[in-house]
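Residues per chain, in single letters:
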Amino acid sequence: QKEVEQNSGPLSVPEGAIASLNCTYSDRGSQSFFWYRQYSGKSPELIMSIYSNGDKEDGRFTAQLNKASQYVSLLIRDSQPSDSATYLCAVNSYNQGGKLIFGQGTELSVKP
Amino acid sequence: DGGITQSPKYLFRKEGQNVTLSCEQNLNHDAMYWYRQDPGQGLRLIYYSQIVNDFQKGDIAEGYSVSREKKESFPLTVTSAQKNPTAFYLCASSNVAVRENQPQHFGDGTRLSIL
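These protein sequence lines are chains A and B, in that order.
Going by the numbering used here, the first residue of the first sequence is number 309, and it counts up by one from there.
Going by the numbering used here, the first residue of the second sequence is number 7, and it counts up by one from there.
To be clear, the hints were calculated from the coordinates, so they are not data collected in a lab.
Check before you lean on any hint, since a few could be wrong.
Claimed, not checked - Cross-link-like lysine-lysine pairs, in silico, DSBU-like; alpha carbons within 35 Å at most:
#: 1; chain 1: B; residue 1: 63; chain 2: A; residue 2: 375
#: 2; chain 1: A; residue 1: 375; chain 2: A; residue 2: 407
#: 3; chain 1: A; residue 1: 407; chain 2: B; residue 2: 63
#: 4; chain 1: A; residue 1: 310; chain 2: A; residue 2: 375
#: 5; chain 1: A; residue 1: 419; chain 2: B; residue 2: 20
#: 6; chain 1: A; residue 1: 419; chain 2: B; residue 2: 89
#: 7; chain 1: A; residue 1: 375; chain 2: A; residue 2: 364
#: 8; chain 1: A; residue 1: 350; chain 2: B; residue 2: 63
#: 9; chain 1: B; residue 1: 20; chain 2: A; residue 2: 375
#: 10; chain 1: B; residue 1: 63; chain 2: B; residue 2: 76
#: 11; chain 1: A; residue 1: 350; chain 2: B; residue 2: 20
#: 12; chain 1: B; residue 1: 89; chain 2: A; residue 2: 375
#: 13; chain 1: B; residue 1: 77; chain 2: A; residue 2: 407
#: 14; chain 1: A; residue 1: 310; chain 2: B; residue 2: 63
#: 15; chain 1: A; residue 1: 350; chain 2: A; residue 2: 407
#: 16; chain 1: A; residue 1: 364; chain 2: A; residue 2: 419
#: 17; chain 1: B; residue 1: 76; chain 2: B; residue 2: 89
#: 18; chain 1: B; residue 1: 76; chain 2: A; residue 2: 350
#: 19; chain 1: A; residue 1: 310; chain 2: A; residue 2: 407
#: 20; chain 1: A; residue 1: 419; chain 2: A; residue 2: 375
#: 21; chain 1: B; residue 1: 89; chain 2: B; residue 2: 20
#: 22; chain 1: A; residue 1: 407; chain 2: A; residue 2: 364
#: 23; chain 1: A; residue 1: 364; chain 2: A; residue 2: 350
#: 24; chain 1: A; residue 1: 375; chain 2: A; residue 2: 350
#: 25; chain 1: A; residue 1: 407; chain 2: B; residue 2: 76
#: 26; chain 1: A; residue 1: 419; chain 2: A; residue 2: 310
#: 27; chain 1: B; residue 1: 20; chain 2: B; residue 2: 77
#: 28; chain 1: A; residue 1: 375; chain 2: B; residue 2: 15
#: 29; chain 1: A; residue 1: 364; chain 2: B; residue 2: 77
#: 30; chain 1: B; residue 1: 15; chain 2: A; residue 2: 350
#: 31; chain 1: B; residue 1: 77; chain 2: A; residue 2: 310
#: 32; chain 1: A; residue 1: 364; chain 2: B; residue 2: 89
#: 33; chain 1: B; residue 1: 20; chain 2: B; residue 2: 76
#: 34; chain 1: B; residue 1: 15; chain 2: B; residue 2: 63
#: 35; chain 1: A; residue 1: 364; chain 2: B; residue 2: 20
#: 36; chain 1: A; residue 1: 310; chain 2: B; residue 2: 89
#: 37; chain 1: B; residue 1: 15; chain 2: A; residue 2: 407
#: 38; chain 1: B; residue 1: 89; chain 2: B; residue 2: 77
Just chain A, same shape as in the assembly (with noise of 0.2 Å):
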């Protein structure tokens, strides 16, 4: 079983839809989760970091965390064309003195 997982899609929603990314992990006492979104050919950018259960908003994107489930997903609401890049789901690693652990990320293409 793999550390992080995520589908690799590609996931495809329509304009003014709302996209969900999912992500399991494997480490039971991991404590930060951070979602990345990557453009074709660029650098992974920060968009969210949740360290509690439940949900956490910011404009479209809203993280949920559910530790009991090993589970953390985020959601885009109102989809744009330029929300269509490849999504990281990274996780802290407590038994690997906390180092990242990242996903293969989820391929999100909005279609217009």
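Following the hints, position chain B against chain A.
For chain B alone, kept in the frame of chain A given last:
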């Protein structure tokens, strides 16, 4: 403006040659990291450093070396022992927080190819 500067943006390596990728940050971050990204893949950790004059191997350190002589700088050398160096190399930095891990912020990356 605070940030992380990687140079060069593109780099070509000849057979048997060592090359060095530069990473400089002015965010006053304690920790710095080097990752490698292959097409369609996630990020794999090469080396990281949490304090000056100290660094640790990541998951794929073979064929690479680093130094951390200054807080602001963390250069990566890709040695001739790394037989498949073609990849996108990303440098990142973060504060080292006691209670919770701080996010990492990335430079713009260096694309390395073999001539």
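How the hints compare with the structure:
{"no.": "1", "hint": "63/B / 375/A", "in the structure": "holds, 29 Å"}
{"no.": "2", "hint": "375/A / 407/A", "in the structure": "holds, 18 Å"}
{"no.": "3", "hint": "407/A / 63/B", "in the structure": "holds, 11 Å"}
{"no.": "4", "hint": "310/A / 375/A", "in the structure": "holds, 17 Å"}
{"no.": "5", "hint": "419/A / 20/B", "in the structure": "violated, 42 Å"}
{"no.": "6", "hint": "419/A / 89/B", "in the structure": "violated, 40 Å"}
{"no.": "7", "hint": "375/A / 364/A", "in the structure": "holds, 14 Å"}
{"no.": "8", "hint": "350/A / 63/B", "in the structure": "holds, 25 Å"}
{"no.": "9", "hint": "20/B / 375/A", "in the structure": "violated, 48 Å"}
{"no.": "10", "hint": "63/B / 76/B", "in the structure": "holds, 18 Å"}
{"no.": "11", "hint": "350/A / 20/B", "in the structure": "holds, 25 Å"}
{"no.": "12", "hint": "89/B / 375/A", "in the structure": "violated, 40 Å"}
{"no.": "13", "hint": "77/B / 407/A", "in the structure": "holds, 19 Å"}
{"no.": "14", "hint": "310/A / 63/B", "in the structure": "holds, 20 Å"}
{"no.": "15", "hint": "350/A / 407/A", "in the structure": "holds, 22 Å"}
{"no.": "16", "hint": "364/A / 419/A", "in the structure": "holds, 26 Å"}
{"no.": "17", "hint": "76/B / 89/B", "in the structure": "holds, 29 Å"}
{"no.": "18", "hint": "76/B / 350/A", "in the structure": "holds, 27 Å"}
{"no.": "19", "hint": "310/A / 407/A", "in the structure": "holds, 15 Å"}
{"no.": "20", "hint": "419/A / 375/A", "in the structure": "holds, 33 Å"}
{"no.": "21", "hint": "89/B / 20/B", "in the structure": "holds, 11 Å"}
{"no.": "22", "hint": "407/A / 364/A", "in the structure": "holds, 23 Å"}
{"no.": "23", "hint": "364/A / 350/A", "in the structure": "holds, 26 Å"}
{"no.": "24", "hint": "375/A / 350/A", "in the structure": "holds, 31 Å"}
{"no.": "25", "hint": "407/A / 76/B", "in the structure": "holds, 21 Å"}
{"no.": "26", "hint": "419/A / 310/A", "in the structure": "holds, 31 Å"}
{"no.": "27", "hint": "20/B / 77/B", "in the structure": "holds, 31 Å"}
{"no.": "28", "hint": "375/A / 15/B", "in the structure": "violated, 39 Å"}
{"no.": "29", "hint": "364/A / 77/B", "in the structure": "holds, 33 Å"}
{"no.": "30", "hint": "15/B / 350/A", "in the structure": "holds, 11 Å"}
{"no.": "31", "hint": "77/B / 310/A", "in the structure": "holds, 33 Å"}
{"no.": "32", "hint": "364/A / 89/B", "in the structure": "violated, 44 Å"}
{"no.": "33", "hint": "20/B / 76/B", "in the structure": "holds, 29 Å"}
{"no.": "34", "hint": "15/B / 63/B", "in the structure": "holds, 24 Å"}
{"no.": "35", "hint": "364/A / 20/B", "in the structure": "violated, 48 Å"}
{"no.": "36", "hint": "310/A / 89/B", "in the structure": "holds, 26 Å"}
{"no.": "37", "hint": "15/B / 407/A", "in the structure": "holds, 26 Å"}
{"no.": "38", "hint": "89/B / 77/B", "in the structure": "holds, 30 Å"}
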